[in-house]
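Protein chains: 4
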Amino acid sequence: MEQNKDTSKQNWRVYLHEVIFEADTYEGKAFDVILLVAILLSVIAVMLESVSEIKAEYGETLYIIEWFFTALFTIEYIARLIVVTKPWRYAISFFGIVDLLSILPTFLSLVLVGAQSLLVIRSIRLLRVFRVFKLARFLGEATQLTSALKASRPKIIVFIGGVFAMTVVLGTAMYLIEGGENGFTSIPKSIYWAVVTLTTVGYGDIAPQTVLGQALATLIMILGYGIIAVPTGIVSAEMSKVKEYHPITTQACPHCGAEGHDSDAAYCKKCGGRL
Amino acid sequence: MEQNKDTSKQNWRVYLHEVIFEADTYEGKAFDVILLVAILLSVIAVMLESVSEIKAEYGETLYIIEWFFTALFTIEYIARLIVVTKPWRYAISFFGIVDLLSILPTFLSLVLVGAQSLLVIRSIRLLRVFRVFKLARFLGEATQLTSALKASRPKIIVFIGGVFAMTVVLGTAMYLIEGGENGFTSIPKSIYWAVVTLTTVGYGDIAPQTVLGQALATLIMILGYGIIAVPTGIVSAEMSKVKEYHPITTQACPHCGAEGHDSDAAYCKKCGGRL
Amino acid sequence: MEQNKDTSKQNWRVYLHEVIFEADTYEGKAFDVILLVAILLSVIAVMLESVSEIKAEYGETLYIIEWFFTALFTIEYIARLIVVTKPWRYAISFFGIVDLLSILPTFLSLVLVGAQSLLVIRSIRLLRVFRVFKLARFLGEATQLTSALKASRPKIIVFIGGVFAMTVVLGTAMYLIEGGENGFTSIPKSIYWAVVTLTTVGYGDIAPQTVLGQALATLIMILGYGIIAVPTGIVSAEMSKVKEYHPITTQACPHCGAEGHDSDAAYCKKCGGRL
Amino acid sequence: MEQNKDTSKQNWRVYLHEVIFEADTYEGKAFDVILLVAILLSVIAVMLESVSEIKAEYGETLYIIEWFFTALFTIEYIARLIVVTKPWRYAISFFGIVDLLSILPTFLSLVLVGAQSLLVIRSIRLLRVFRVFKLARFLGEATQLTSALKASRPKIIVFIGGVFAMTVVLGTAMYLIEGGENGFTSIPKSIYWAVVTLTTVGYGDIAPQTVLGQALATLIMILGYGIIAVPTGIVSAEMSKVKEYHPITTQACPHCGAEGHDSDAAYCKKCGGRL
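Protein sequences appear in the order of chains A, B, C and D. Anchor point for the first sequence: position 130 equals 130 in the numbering used here, and the numbering is continuous, going up by one each time. Just add 275 to the spot in the second sequence (first one is 1) and you have the numbering used here. Just add 550 to the spot in the third sequence (first one is 1) and you have the numbering used here. Just add 825 to the spot in the fourth sequence (first one is 1) and you have the numbering used here.
For reference, chain A alone in the conformation it holds in the complex (with noise of 0.2 angstroms):
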């Protein structure tokens, strides 16, 4: 534990930890709230900002906000390298690497005209905040939610591979049947028409006008309003399965960040520093 020495530095450091990666403390919970807010008004800045009549008006006011927010967010970022023991493990972790393209585009504006529009991937960063509210609750739930959906996942890749020939050959017959006069120009297009229809979107920019074509087609959404009962009964009886639940703190790791530890956890599970 040489890490966690009792110098002045360091208590700095742990102190600054708490405040940015948990929210036990008041100071903590602040810091959430108010990047909760910040990360919000930047994402509605960036969608206003592609609304042509509100960039002729606000282009200007809104380019200004976008850098300011930016600066914000890649302080926070340089600032979580720093308070982190294991600062490369942060940065390759699943939120390290959302929190860097968070503020890359920006920069990649500068060159690259309308790179600003991937500033939303800042949105996933809210998902982070979940644990401002009702906290550990939340992350079980969702702990339980993956696990089941974990669990689900060689059966769904099996029924995904199913639909996706099944879409291949019925968007070909329909190709054969309708043509290209009809809109199924091409046997791509009639696939994507096959999906479209076999998952109930249904746009009706392409329709089948044939009699056999609209006869196929009956039985292709008979077929996908019959087989959506498949991936439902897979993750319902995976979902009554997963009955224990499994406390989790929303304390993060003081060395790489990560979350999601037991509550009986003394060291970290991703990697091994103690908590």
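These aren't lab readings, by the way, just hints derived from the structure by calculation. In this text the structure is predicted, and so the values were computed from the model without any measurement. Accuracy of the hints is not assured; some may be wrong.
[Unchecked claim] List of simulated lysine-lysine pairs, BS3-like, C-alpha gap at most 30 angstroms: (1) C:Lys700 - D:Lys911; (2) B:Lys425 - C:Lys636; (3) C:Lys700 - C:Lys636.
[To be verified] Here's a subset of chain B near chain C, in silico, CB distances under 8 angstroms, partners left out: (4) Asn286; (5) Val289; (6) Tyr290; (7) Ile396; (8) Ile431; (9) Leu451; (10) Val476; (11) Gly477.
No residue lacks a Cβ here, since even glycine has one placed at the ideal position from N, Cα and C.
With chain A held as given, fit chains B, C and D onto it using these hints.
Same frame as chain A, but now just chains B, C and D:
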């Protein structure tokens, strides 16, 4: 229990409470049925008034009907306030507010044209009359439904949060791929499209035209088709856990008008008054 | 059991009952298969007649076919009335009414043009012929399905009631936000749109154009996507409770023609006659 | 076991069988991966050929690619026939027929223009290569899925039968209400619309215009939204019953090529030959 002292005024109030809030006696049932019909008629009148051809011909008649029902419901609202011993508690309860909102728009329409359309809020009042038919059973079912939904709320919030971030990122990607000439004129509009597609609604007012856009749309659709399994799985699992049947009476509290008391309850769970 | 006394007339009636109502003997099976084919052919003929190009060319032939099948089904209907000992009970049963409705439209078309389209009611008769193939099993499954649906009926009525109130309020909100120029010309039409959206059908004949309208539409879609989980959860939970397999025979009551008797039943559960 | 006698010819055949049908050895895995890539490339080539712009430019190259892959798959098909000891049993198995259908269209295209589109049938072959990745597990999952679907088949047939009769009756009702001027030109087309609506696909190419038609459409939509719960409930209930994990090997029978044998099986369940 001083409020229930045996004066004739109190007796009269208890009797009216029975009629207005309960459906156990003959008068109480009759009151509820008449109320149900009046609400239905008044909602239909409001709807018809919005159809321009009908308004042109029967506008005046509908105007009179509107004021007639508003007068009726105003009297009913005042009566409800009088017969409960704690009027304030009733006034700020869910149905108390709905009852008030059901009469306000007519008065508001005197100063604000078109405000009477808000009268359709009355349709929410219909929910109260479930008590008339096989009362306890339906109330019990509603409670079961509500408790299952409440138990799955944290999981569903996590899920909605994830879906929201997903639509923001996917919508922006489509905005960059398709651009304004294919209808994706701004990020908010593209997010709107992403939600339309992910939820399998698929209006078709905006639809991808480029090959890359259609490929991404295909992915979003299959994703939407797959993840619909998640909320269903959550509710199903919760639903099958709710086993014990919780008997509930249709009796409303004579003090604050709250409903949904357990059949063995002696005191109101909302205001503590004796039932 | 005087009705079953051993006269030749009774024997002939019992034999015909076996042929027409049962599918256990060779003749009974043959009768059901012929009936199935006849129903299918007649329904197809009615459908073809509605296609104007086909009617123009083969109208007369289809007219003759129509009368031929109507004559056939009329004879069959009379035969059914004769072979059951309690004709009135058969006549007012579900399938008795369907059988009657399957022949009436042709006669009605003599005075009312277009009435023959109602002949498609015959397709409901197809449900009866499930007995021909692996009979008892399918009947048992249908009973299981029906009992699961019946058990979840009160919950589903509460749910539909809530959804109805929701669409009325949301539809009116859209009527106020979007107005007539965007297709939301009246409250009933806006409610129609709200149902189209909430159920994820999404025709796209009416679609919100204003930013506020699209925002509210987004909300409705996510809501619809989420609450589809509720009926599914209800039925799933009910379905997994239905465990005991309830064996059922395909024998129809010789007195009133009622079906779905338990395999150990000795008397008809509808009219009390001996099976 | 005379077929397995120790001659060098038999040894060579056993080795080739290992490579082509199994994925346990290094060579077997390599063969499956190469096959997977070849199938994918050839399906993509067929799809690209259907896009007119691409065909105009690279038509000749795609033509050569098509014949190259057909030659490859023909050799593979013959090899498969040789290495199994009961070629006929392989030839009439599901994957045997798919393998044949994957090469026939190219030869057919010599006499019938456009027949090469049928080559997309090759995509079904992709299902076989699930064995390459985490083989036994996926096969087990597929078996679980299939057995759950098989168990719920009778219930689903009853359900589809009911839905079919419903769409026929509702479609005809809409035909009578809306009539040809609103797009409901014939009963078959109206039934097509009813299926589009009931399955919540909702193209919008045909949409009700009259008030009565929209009211009925609203009913159909709510119905469709409600009854989607039925197949889901069926499969969910079946899915949660399938508990025992049935271990399965990826070994294919050396005599007929059948797969999906239990891990403790010593003889092929299809042809009885020793594994």
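How the hints compare with the structure:
1. C:Lys700 - D:Lys911: It is violated: about 53 angstroms lies between the C-alpha atoms, which goes past 30 angstroms.
2. B:Lys425 - C:Lys636: Not OK: lysine 425 (chain B) and lysine 636 (chain C) at ~53 angstroms, beyond 30 angstroms, violated.
3. C:Lys700 - C:Lys636: OK: lysine 700 (chain C) and lysine 636 (chain C) at ~29 angstroms, within 30 angstroms.
4. Asn286: violated, 35 angstroms
5. Val289: violated, 30 angstroms
6. Tyr290: Result: violated, 30 angstroms to nearest chain C Cβ.
7. Ile396: holds, 6 angstroms
8. Ile431: It holds, given that the least Cβ distance between isoleucine 431 (chain B) and chain C is near 7 angstroms, below 8 angstroms.
9. Leu451: Violated, about 20 angstroms.
10. Val476: This interface hint holds because 4 angstroms falls under the 8 angstroms limit.
11. Gly477: With a minimum Cβ separation of about 5 angstroms from chain C (threshold 8 angstroms), the hint on glycine 477 (chain B) holds.
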